[in-house]
Amino acid sequence: DTRIFQRMRHIKQLAMCSYVYPGATHKRFFHSIGTCHLAYELIKGLRHRQPELAVTSRDILCVTLAALCHDLGHPCYSHMFESFMHRLGLDRRRRATTEAGVTEARRFEA
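Here our numbering is used: position 62 in the sequence shown is 62, and no number is missing along the way.
Keep in mind the hints are simulated off the structure, nothing from the lab. Please read these numbers as outputs of a predicted model, since none were measured by experiment. Please note that a few of the clues may not be correct.
[Said to hold, decoys possible] For lysine to aspartate or glutamate, the following EDC-like pairs were computed, each having C-alpha atoms within a straight-line distance of at most 20 Å:
#1 Lys12 / Glu82
#2 Lys12 / Asp59
#3 Lys27 / Asp71
#4 Lys44 / Asp59
#5 Lys27 / Asp1
#6 Lys27 / Glu82
[As the list claims (entries may be wrong)] Label-pair ranges, simulated between beta-carbon atoms:
#7 His48 / Tyr19: 40 to 50 Å
#8 Gly101 / Ser18: 24 to 34 Å
#9 Ala100 / Pro22: 44 to 54 Å
#10 Arg47 / Ala96: 43 to 53 Å
#11 Ala100 / Leu65: 41 to 51 Å
#12 Glu41 / Gly73: 23 to 33 Å
#13 Glu41 / Ala100: 46 to 56 Å
Quick reminder that beta carbons are idealized off the backbone N, C-alpha and C, glycines included.
Take the sequences, apply the hints, and build the full model.
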């Protein structure tokens, strides 16, 4: 129970979907708790069904905590900007590649 984890109670998991679908009010806090539960059940099931993996109690704890904390670094509406960031990155890579190609071509001209 920390301030950083409690902050997720106010961050929407579904961004602006609630403006179109008023019932879509899923917050990152509840999403993280659900993810934690599913990860726990998954790793517990692996331990039971595949003993050859030698899943330890420590493994279970680590997977569960990782699932619980997986969204701590997300700012509000972060997924809305993913396509923008991908496009920006692509544009920068293209520009860098073009500039590198021009520099390389000039070197061979001299």
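Hints, verified against the model:
1. Lys12 / Glu82: holds (16 Å)
2. Lys12 / Asp59: Cα-Cα ~30 Å, so violated.
3. Lys27 / Asp71: holds (11 Å)
4. Lys44 / Asp59: Between Lys44 and Asp59 the Cα gap is close to 10 Å, so the pair holds against 20 Å.
5. Lys27 / Asp1: Judged against 20 Å, a Cα distance of about 16 Å means the pair holds.
6. Lys27 / Glu82: holds (19 Å)
7. His48 / Tyr19: 40 to 50 Å: holds (43 Å)
8. Gly101 / Ser18: 24 to 34 Å: With a Cβ separation near 46 Å, Gly101 and Ser18 fall outside 24 to 34 Å, so the hint is violated.
9. Ala100 / Pro22: 44 to 54 Å: At roughly 50 Å between Cβ atoms, Pro22 and Ala100 fall inside 44 to 54 Å, so the hint holds.
10. Arg47 / Ala96: 43 to 53 Å: holds (47 Å)
11. Ala100 / Leu65: 41 to 51 Å: holds (43 Å)
12. Glu41 / Gly73: 23 to 33 Å: Since Glu41 and Gly73 have Cβ atoms about 25 Å apart, the given range 23 to 33 Å holds.
13. Glu41 / Ala100: 46 to 56 Å: 49 Å Cβ-Cβ, so the 46 to 56 Å window holds.
The earlier numbered hints that this structure contradicts are 2, 8.
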